[in-house]
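From these two lone chains plus the hints, build me the complex, please.
Those protein sequence lines, which keep their order, are chains A and B. Heads up: the first sequence is residues 87 to 196, going by the numbering used here. Heads up: the second sequence is residues 517 to 627, going by the numbering used here.
Each hint should be verified, as a subset may be incorrect.
Quick list of the computed label-pair ranges, beta carbon to beta carbon [stated by the list, open to error]:
1. 106(A) with 569(B): 24 to 34 Å
2. 149(A) with 534(B): 26 to 36 Å
3. 555(B) with 104(A): 24 to 34 Å
4. 570(B) with 141(A): 27 to 37 Å
5. 103(A) with 570(B): 44 to 54 Å
6. 586(B) with 146(A): 37 to 47 Å
7. 157(A) with 627(B): 23 to 33 Å
8. 527(B) with 149(A): 19 to 29 Å
9. 610(B) with 104(A): 14 to 24 Å
10. 569(B) with 184(A): 14 to 24 Å
11. 106(A) with 557(B): 45 to 55 Å
12. 100(A) with 576(B): 44 to 54 Å
Coverage of chain A stretches by chain B, computed from C-beta distances (three or more under 8 Å per stretch; other residues unrestricted) [unchecked claim]:
13. 113–127
14. 131–142
15. 180–192
By construction, these hints were calculated from the structure, which means they are not laboratory data. No residue lacks a Cβ here, since even glycine has one placed at the ideal position from N, Cα and C.
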Amino acid sequence: DAGVTQSPTHLIKTRGQQVTLRCSPKSGHDTVSWYQQALGQGPQFIFQYYEEEERQRGNFPDRFSGHQYPNYSSELNVNALLLGDSALYLCASSFVETQYFGPGTRLLVL
Amino acid sequence: QKEVEQNSGPLSVPEGAIASLNCTYSDRVSQSFFWYRQYSGKSPELIMSIYSNGDKEDGRFTAQLNKASQYVSLLIRDSQPSDSATYLCAVRVNRDDKIIFGKGTRLHILP
Chain A
87 DAGVTQSPTH LIKTRGQQVT LRCSPKSGHD TVSWYQQALG QGPQFIFQYY
137 EEEERQRGNF PDRFSGHQYP NYSSELNVNA LLLGDSALYL CASSFVETQY
187 FGPGTRLLVL
Chain B
517 QKEVEQNSGP LSVPEGAIAS LNCTYSDRVS QSFFWYRQYS GKSPELIMSI
567 YSNGDKEDGR FTAQLNKASQ YVSLLIRDSQ PSDSATYLCA VRVNRDDKII
617 FGKGTRLHIL P
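So that you can see chain B by itself, here it is in the shape it has in the complex (with noise of 0.2 Å):
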């Protein structure tokens, strides 16, 4: 059974701190890696995707990939009170795969 572990939180950052998430996951052979973000009572938006070791920067986001441990993570630096909502890490073993998420993170920034 593929799983995607992540710690539900909930995770309470300074504004204006870096916000660390971080996630597992179960099989070894996983391709694909993606973090989305979800407000409550929406559907989840896509923030990142990563598909090689080492890091991806995107503005304020930097995801981290470390295929030998199994462990993807997610850097928000700067946090602002809008980043406050539910991140979803996502893996997908290849392209023609299901992609299997997990429970999510709850991230509450406090101004």
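This is chain A alone, in the form it adopts within the complex (with noise of 0.2 Å):
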């Protein structure tokens, strides 16, 4: 059974540049959340998705969006990046209560 994949393991982006980033939730979850893990921080929770639609949302800006799909994949899209952006991006995937994490995205942002 495979666990929760994200892609790309790493990326290196430009200011000012759009990125997406994917996951595929683990075998049975319907649920999919991200989150910015910056250097030294524990993970910061971004937002949720559950039935395709975004649940909950944390304190980040619109230009961090993302989406759900039928197969309960998602995607996290951020535009207009900063330096500030440069993160390990994680997606966790539940069904209920506990949420496992993907290896993670890292997003360098020059």
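This is how it looks when you write it as structure tokens:
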């Protein structure tokens, strides 16, 4: 049984560009949450998708948007990238209670 | 603003000893509590979840919850060098709410 998968693993972008990160949840999981983890910090909640709708959102600007597909996979889009967006982006999937994390996508903005 | 507080460490513990990691949270009505382990450059891995006051044991790990004191801890018995990692405490108010993470405690097991 495959766990949570994310792509790409690493990404380098320049300021002002746009990026799309992808996540496939663990089999049987219907909820996907996205987190941003800066170096030395805990994961910060961006938003959560359930039944193709954004159910919860953290304190992130509208530059961060997402989508969930009928097969429960999800995308995180970030527009107008800033240097401060450089971080590890984590996707976590869940069914009911416990969240399991994917390997993450490391984004570097130059 | 809901908060989860952890001592950033590093916490250094001799191999074979008990490592004790602590966490406090601000929202009194929180219902779900999690401990994740994160190795450098890797994603968080779930170790324990606990929902009721008291102790919950799983192998060398014991989670302790005291809702009255808004305190949750993780004990690691017979610490091994492979336990060296950052340990993240996470809290959720209810099942449909977001999970809030602390900044993590760096644990270093001394061989």
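Consistency of the hints with the structure:
1. 106(A) with 569(B): 24 to 34 Å: Violated, at about 44 Å.
2. 149(A) with 534(B): 26 to 36 Å: 45 Å, violated
3. 555(B) with 104(A): 24 to 34 Å: Given a distance of about 31 Å, which is inside 24 to 34 Å, the answer is holds.
4. 570(B) with 141(A): 27 to 37 Å: Holds, since residue 570(B) and residue 141(A) (Cβ atoms, about 31 Å apart) stay within the stated range.
5. 103(A) with 570(B): 44 to 54 Å: 50 Å, holds
6. 586(B) with 146(A): 37 to 47 Å: 27 Å, violated
7. 157(A) with 627(B): 23 to 33 Å: Since residue 157(A) and residue 627(B) have Cβ atoms about 46 Å apart, the given range 23 to 33 Å is violated.
8. 527(B) with 149(A): 19 to 29 Å: 37 Å, violated
9. 610(B) with 104(A): 14 to 24 Å: 34 Å, violated
10. 569(B) with 184(A): 14 to 24 Å: 19 Å, holds
11. 106(A) with 557(B): 45 to 55 Å: Since residue 106(A) and residue 557(B) have Cβ atoms about 23 Å apart, the given range 45 to 55 Å is violated.
12. 100(A) with 576(B): 44 to 54 Å: 46 Å, holds
13. 113–127: Held - the region 113–127 of chain A has 4 residues with a Cβ nearer than 8 Å to chain B, which meets the minimum of three.
14. 131–142: Coverage by chain B holds for the region 131–142 of chain A (4 residues, Cβ < 8 Å).
15. 180–192: holds (count 9)
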